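Here the protein sequences line up with chains D and H, keeping their order. Read in order, the letters of the first sequence are residues 3 to 293 in my numbering. Read in order, the letters of the second sequence are residues 23 to 307 in my numbering.
Quick caveat, the hints were computed from the structure, so don't treat them as lab data. Small disclaimer: the values here were computed from a predicted structure and weren't measured. No residue lacks a Cβ here, since even glycine has one placed at the ideal position from N, Cα and C. A hint or two may mislead.
What the hints assert, rightly or not - Partial selection, computed: residues in chain H whose CB lies under 8 Å from chain D:
no. : residue
1   : Asp29
2   : Thr30
3   : Arg32
4   : Ile33
5   : Gln34
6   : Ile63
7   : Glu144
8   : Ser146
9   : Asp260
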Amino acid sequence: MALKLLSDAEKVFILHGVKDDFRCDGRTRQEYRPIEVETEIVSNASGSARVRLANTDILVGVKTEIDTPSPTKPNEGKLEFFVDCSANATPAFEGRGGEELATEISNTLSKAYLCETVFDLQSLCILPGQQCWKLYVDILILECGGNLFDGVSLAVKSAIYNTKVPRIASATIDGGVVDLQLSDDPYDFQTLDVSSAPVLVTLTKIGERCVVDPTAEEEACSLVSVVLAVTEKGRCVTTLVRGEGSLHEDTLIDMLKVGTSLGIEMNKALKAALKLEQSKGENKERFGFLK
Amino acid sequence: MFAMPVDTKRIQGPEVSVPYDQFLAQQSQQSNEEAIGKERIDGRKSDELREIFLKTAVLSQAKGSAYIEMNNTKVICSVFDPREIPRKSEFSVNGELFCEFKYAPFSCRRKRGHQQDSEEKEMSAYLKRALEPAVCRHEFPNLQVDVYALVLENDGSALAAAITCAGLALADASIPMFDLVVAVQMGISITGKKFLDPTLEEEAYCFTLSGSDEKGSFGRVTAAFLPSLEQFSQVVQDGSMVTETYVEVLKELAHASKDAYRLSQECLLKAVQTSKEIKNAEQKN
Chain D
3 MALKLLSDAE KVFILHGVKD DFRCDGRTRQ EYRPIEVETE IVSNASGSAR
53 VRLANTDILV GVKTEIDTPS PTKPNEGKLE FFVDCSANAT PAFEGRGGEE
103 LATEISNTLS KAYLCETVFD LQSLCILPGQ QCWKLYVDIL ILECGGNLFD
153 GVSLAVKSAI YNTKVPRIAS ATIDGGVVDL QLSDDPYDFQ TLDVSSAPVL
203 VTLTKIGERC VVDPTAEEEA CSLVSVVLAV TEKGRCVTTL VRGEGSLHED
253 TLIDMLKVGT SLGIEMNKAL KAALKLEQSK GENKERFGFL K
Chain H
23 MFAMPVDTKR IQGPEVSVPY DQFLAQQSQQ SNEEAIGKER IDGRKSDELR
73 EIFLKTAVLS QAKGSAYIEM NNTKVICSVF DPREIPRKSE FSVNGELFCE
123 FKYAPFSCRR KRGHQQDSEE KEMSAYLKRA LEPAVCRHEF PNLQVDVYAL
173 VLENDGSALA AAITCAGLAL ADASIPMFDL VVAVQMGISI TGKKFLDPTL
223 EEEAYCFTLS GSDEKGSFGR VTAAFLPSLE QFSQVVQDGS MVTETYVEVL
273 KELAHASKDA YRLSQECLLK AVQTSKEIKN AEQKN
């Protein structure tokens, strides 16, 4: 991640703050910064969402396209993640600088969404073995203020929740050629079930303690962090240990327990927020980027 | 199945192909699954590792190398001298590890490409993070050590084998290290059956959910361990697990890695003894 340059004194200050459970911005160790979610923000995308986690800013757009299913999974649609760490976020991402981080995030996401109990890819199937929907989930990192993984996963889940897949009126095979008829009504669409989709929870070890939702400065003080993909039922679907450090067994187990319980809460909070936004319907107040 | 840059020196296959095993009778697959569900095909206990063969200094051109064989999983690993980091201008206080994980084209059921694909790149990243905490990187600032792991035959737990093997190869290359690295994999099926050091078939079995309620845990965990420091350097998990099961699996993995650690130590000791004997013999002559 884009490392901030910190002096030793600053690092010690952060370290002591974490030790005393009183971080630089006044939070406790297990407290998130305020999170803002807004869906349907890009008009040309099938689904979109923007998440602001303090000064981390993430925009996700989902595009749907028709594709042929892979021969090994004829009954399933496809889901593809692409992360773009734009140089707007930090100059370190310029050129190919952000590539490593981008592939790391997209790999983690595709691993987390791969499991069939997490996301039902079969709902994206149109004609088994012939045609399916492919979702392109494009993630744009606009500002990088720490804790990218959590922010990205929240934005992705909201964008998929918001995705409208056109309804197929009829699908027939005529002489080996597939004939698809899409519904004429633009408001006739299906939505996707994200109730068991995971969010990522990053636990960063600073000194002897671990914190959630680190700022960029706090990330610079840490050697190792654990990223957990947790579903609403508290199941862990992917684990990733990041950084150049290592962890003791007890620390890791503690982190797992804390991470899962936080993951359950995050999932619930996101669900409530998305429901609230949806209930406001078309007349909701739009904020966009003008805030 | 995927487009590769055309290499005119190779015989080109058709653009689209479908693996043949998809057309195999479903029945044989099912009966196979049932057999795995009862007991392990090679007669191991659920917490028993396969027999491991380890050897260091198998390649003469590399600074250090190692070979690991766990029945049908075979990995060879080489480590090269520290060299300047290519295309880097600023000074780095810590040396860097460059890790490359590659399946040989003939190592899996499906033919692998001769270039690294995205899965192999992901594995390389895991390998790097598993090894990094064990290496005294401050001893070679501004330099990079290359580690290449090549899977010759994959019958499950390839990443775990590669990590253990790379740890030994680093030691064989006399790269200063805090500890050896050993890795073990464990699979758990939806029926609650655990498979330590699973074979490829057992790995696949851990992901078959047919007809079961989704309340149980299933999936795979690979943990890389620094045994004398009692630290996990890398944990790779997939599937879906409740915390209690996950914690249980981690504890069992930490326990199992002690066996693998003993073997690695023994292997290194033997290598040192042989080299000492050779030196003594030379001196006498």
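Evaluated hints:
no., hint, verdict
1, Asp29, "24 Å, violated"
2, Thr30, "27 Å, violated"
3, Arg32, "23 Å, violated"
4, Ile33, "22 Å, violated"
5, Gln34, "19 Å, violated"
6, Ile63, "23 Å, violated"
7, Glu144, "5 Å, holds"
8, Ser146, "11 Å, violated"
9, Asp260, "6 Å, holds"
In the structure shown, a violation is registered for the earlier hints numbered 1, 2, 3, 4, 5, 6, 8, in ascending order.
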